[in-house]
Amino acid sequence: MKTNNPSKTQVLALTGAQATTEAMRQVNPAVVAAYPITPQTPIIEGFAGMVADGLVATELIRVESEHSALSAVVGAQASGVRAMTASSSAGLALMFEVLGVASGLRLPIVMSIANRALSSPINIHCDHSDTMGVREQGWLQIYSENPQEVYDHTLLALKLAEHPEVQLPIMVCQDGFITSHATERVATLADETVQQFIGPYQPQTNLLDNKKPETLGPLALPNSQMEIKELQMGAANRALGVYPQVAKELETITKRGYPAIEAFNLDKAGVAIVTLGSTAGTVKHTIGKSKVGLLKIRLFRPFPYKKVKEALGHCQKVIVLDRTPTYGAGAPLYLDVKSALYGLENPPVVESIIFGLGGRDFGPEDIESLLQNR
Amino acid sequence: MNIKELAEKSSRLSPGHLTCSGCGIPLAVRTVLRSIAGPVVVVGATGYLEVTTTIFPYTSWECPFIHSAFENAAASASGICAAVEFLKKNTSKKSPEPTIVVFGGDGGTYDIGLQSLSGALERGHNLLYICYDNEAYMNTGVQRSSATPLGAWTTTSEVGKRALGKPTQRKNLTRIIAAHGITYTAQASISHLTDLSAKVEKALTFPGPKFINILQPCTTGWKFAPSQTVTVARLAVETRFWPLYEVVGDKTQVTVAVPEPRPVEDFLKAQGRFKHLFEPQRQGEVLTQIQAGVDQEWQRLAKNATI
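Protein chains in written order, with the numbering used here: chain A, 7 to 380; chain B, 193 to 499.
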């Protein structure tokens with residue numbers, strides 16, 4: 007990937023993975039620790055190239071596992087600097103324990119995810135079982151439709167995570183291969199504009215300060231765990247209010263508006279499809295000017311319940327597409343959408359569809375046939 | 193430093209922590225930290241040290257301390273080292289570089305944390321890793337680890353009609369660490385504090401990863417009176433159960449010579465965890481195996497060492 011003349015806004019041909027790498031280059035984090043896993047690998051390969059070429063000042067740690075990747079990033083961010091990583095599937099599953107450490111320590115880490123199925127069977131292709139499986143570990147989650155969103159979301163996510171009212175880690179998700187390996191036009195900002203937008207890092211924790219020594223990650227007993235977790239839950243809820251401010255700030259620079267949920271054709275629609283990730287693009291293309299609407303969920307954690315209720319309340323039918331298997335209970339997006347609609351006088355009928363597991367194509371014809379049967 | 197000089201240094205671990213009376217961990221931690229000049233950052237693996245010194249909202253640490261999880265102390269330290277490295281290269285502010293010290297027990301080091309430790313050693317981060325080895329999972333109630341010696345009772349290597357404690361020899365972690373080819377590897381004991389202190393000082397003259405494995409008898413897990421901790425540790429050295437040595441480059445040096453070792457039984461008899469090997473009847477076969485294991489490890493060490 008060539009990044010010529012980064013002092014100007016430019017339009018580049020980038021894959022989703024390259025869009026991540028380009029945003030990371032412009033953020034220029036102090037530390038990146040990463041481990042290769044398909045389909046995340048091009049993100050860290052690209053970034054390793056930038057480190058080798060001296061395009062960033064980052065210390066890159068090539069760790070021996072994903073568990074260590076996030077552990078090292080936690081150590082670095084706790085030391086008062088920006089640290090980032092990227093992962094997928096089994097790697098994210100291995101990180102599970104440390105995800106809770108990162109959010110519990112209130113470290114605003116940004117992690118890129120190229121979504122991929124979990125084993126078994128082993129399958130390297132896209133579904134959302136990885137990030138959905140860790141959705142209650144205290145991380146915020148943003149899902150991206152295309153490489154442009156991947157780029158913009160990475161910057162937005164950093165600013166949201168670091169907001170003094172939030173101070174929580176965040177995952178920026180893109181569909182493995184479908185987005186991570188697909189080349190599209192991506193408008194990028196000048197390096198200086200990105201640095202102005204994110205600003206210098208204002209750490210709320212600095213382990214390296216010997217004059218003000220802190221003890222991080224203490225043992226909490228039943229007399230304090232509730233209070234600590236209540237503070238953390240409060241921060242996640244506050245992120246819902248902070249999100250539009252940050253999105254607005256980015257929009258003034260990019261002219262691209264990124265609301266927490268995005269309605270398409272929805273005002274007068276009787277039937278609505280709800281989904282997230284690249285499938286939202288396929289749905290937009292398919293439904294065109296029909297009477298079917300789309301609600302794309304961009305911000306999945308915290309979940310914008312109120313906004314979802316307002317957007318879908320008038321529909322007769324809501325079809326929720328989850329790219330996640332579920333075993334003996336409702337699918338994650340379906341459950342949240344259904345909860346959001348609770349309490350309406352005439353709520354829409356909500357239907358759950360599970361699709362596209364392990365990278366199974368889900369094209370316009372599939373959406374058409376889905377709608378024909380209803 | 194001699195004992196008097198050591199005692200005058202700040203230990204950075206305040207009194208009032210909650211380790212048992214007779215615990216060897218504070219001796220190990222304080223001696224290590226007293227031997228380091230300048231700022232330090234301590235990384236603790238989940239374990240007895242961490243839970244007894246950081247009960248929220250209190251802390252015993254007078255220096256920065258971070259605990260993340262059980263198996264990732266070395267990986268967490270890697271990130272801190274990288275942050276220090278970044279700041280050194282990218283800020284004009286000249287502040288003294290902190291020494292990054294990791295403390296993990298044998299559970300967090302020999303077992304669940306071995307992978308992340310091995311990775312950190314191979315990557316060459318500038319850190320000092322201290323294992324306080326008390327030969328079992330003492331924090332969770334004395335379960336066997338790969339550091340538990342042959343024949344020792346633990347709550348998961350029980351003594352009964354068909355079992356006489358742990359059926360296999362302990363892992364020689366120090367040898368595994370030295371095989372990484374790092375600049376400094378050593379074995380030390382809380383019975384020989386000036387030896388331990390000299391090892392810390394020497395280790396810190398080298399760049400990159402350094403490792404010291406400290407034997408730390410546990411009064412409740414090994415079953416001896418709290419007053420006997422140092423005595424039991426000394427017996428481990430005097431029987432060559434736990435030789436004190438260091439590996440610098442390709443040179444191995446025994447730092448406390450034991451020309452006339454006592455039989456390992458003297459070490460075993462001082463502890464309740466080996467009681468079943470002597471009562472109600474003597475288990476000669478197991479005792480012979482334990483002595484043979486000690487002799488074999490010593491010969492392996494002596495073959496390449498300056499004594």
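These are calculated hints, taken from the structure and not from any lab test. Please note that a few of the clues may not be correct.
To be verified - Simulated pairs of lysine-lysine, DSS-like, Cα-Cα distance not exceeding 27 Å:
#, chain 1, residue 1, chain 2, residue 2
1, A, LYS217, B, LYS280
2, B, LYS286, A, LYS217
3, A, LYS218, B, LYS353
4, A, LYS290, A, LYS313
5, B, LYS353, B, LYS280
6, A, LYS218, B, LYS495
7, B, LYS363, B, LYS443
8, B, LYS280, A, LYS218
9, A, LYS295, A, LYS323
10, B, LYS201, B, LYS286
11, B, LYS443, B, LYS394
12, B, LYS467, B, LYS495
13, A, LYS217, B, LYS353
14, B, LYS363, B, LYS353
15, A, LYS218, B, LYS285
16, A, LYS217, B, LYS201
17, A, LYS218, B, LYS363
18, A, LYS295, A, LYS313
19, A, LYS312, A, LYS297
20, A, LYS218, A, LYS261
21, A, LYS217, B, LYS285
(Q) For LYS201(B) and LYS286(B), compute the direct alpha-carbon distance and say whether it is at most 27 Å. (A) Holds, at roughly 25 Å.
Q) Within a Cα-Cα threshold of 27 Å, do LYS280(B) and LYS218(A) meet the stated pairing? A) The hint holds at about 20 Å.
Q: Quickly compare the C-alpha distance for LYS286(B) and LYS217(A) to 27 Å and report which way the hint goes.
A: holds, 15 Å
(Q) Next pair to validate is LYS218(A) with LYS261(A); report whether the Cα-Cα distance is within 27 Å. (A) Violated. LYS218(A) to LYS261(A) sits at ~43 Å, over the 27 Å cutoff.
Q | Distance restraint between LYS443(B) and LYS394(B), which requires alpha-carbon spacing of 27 Å or less | A | Between LYS443(B) and LYS394(B) the Cα gap is close to 14 Å, so the pair holds against 27 Å.
Q.
Please verify whether LYS295(A) and LYS313(A) have alpha carbons no more than 27 Å apart.
A. holds, 23 Å
Q. Between LYS295(A) and LYS323(A), does the CA-CA distance stay at or below 27 Å?
A. holds, 18 Å
Q: For the pair supplied as a hint, LYS363(B) and LYS353(B), confirm whether the alpha-carbon distance does not exceed 27 Å.
A: holds, 26 Å
Q | Pair hint outcome, LYS218(A) versus LYS285(B) [Cα-Cα no greater than 27 Å] | A | Holds, at roughly 17 Å.
Q) Does the alpha-carbon distance linking LYS353(B) and LYS280(B) stay inside the 27 Å limit? A) violated, 61 Å
Q.
Holds or violated: LYS290(A) and LYS313(A), Cα atoms, limit 27 Å.
A. holds, 20 Å
Q: Verify the proposed pairing of LYS217(A) with LYS280(B), using a straight-line Cα cut of 27 Å.
A: At roughly 18 Å apart (the allowed maximum being 27 Å), LYS280(B) and LYS217(A) satisfy the hint.
Consistency note: the structure conflicts with the earlier hints numbered 3, 5, 6, 12, 13, 17, 20.
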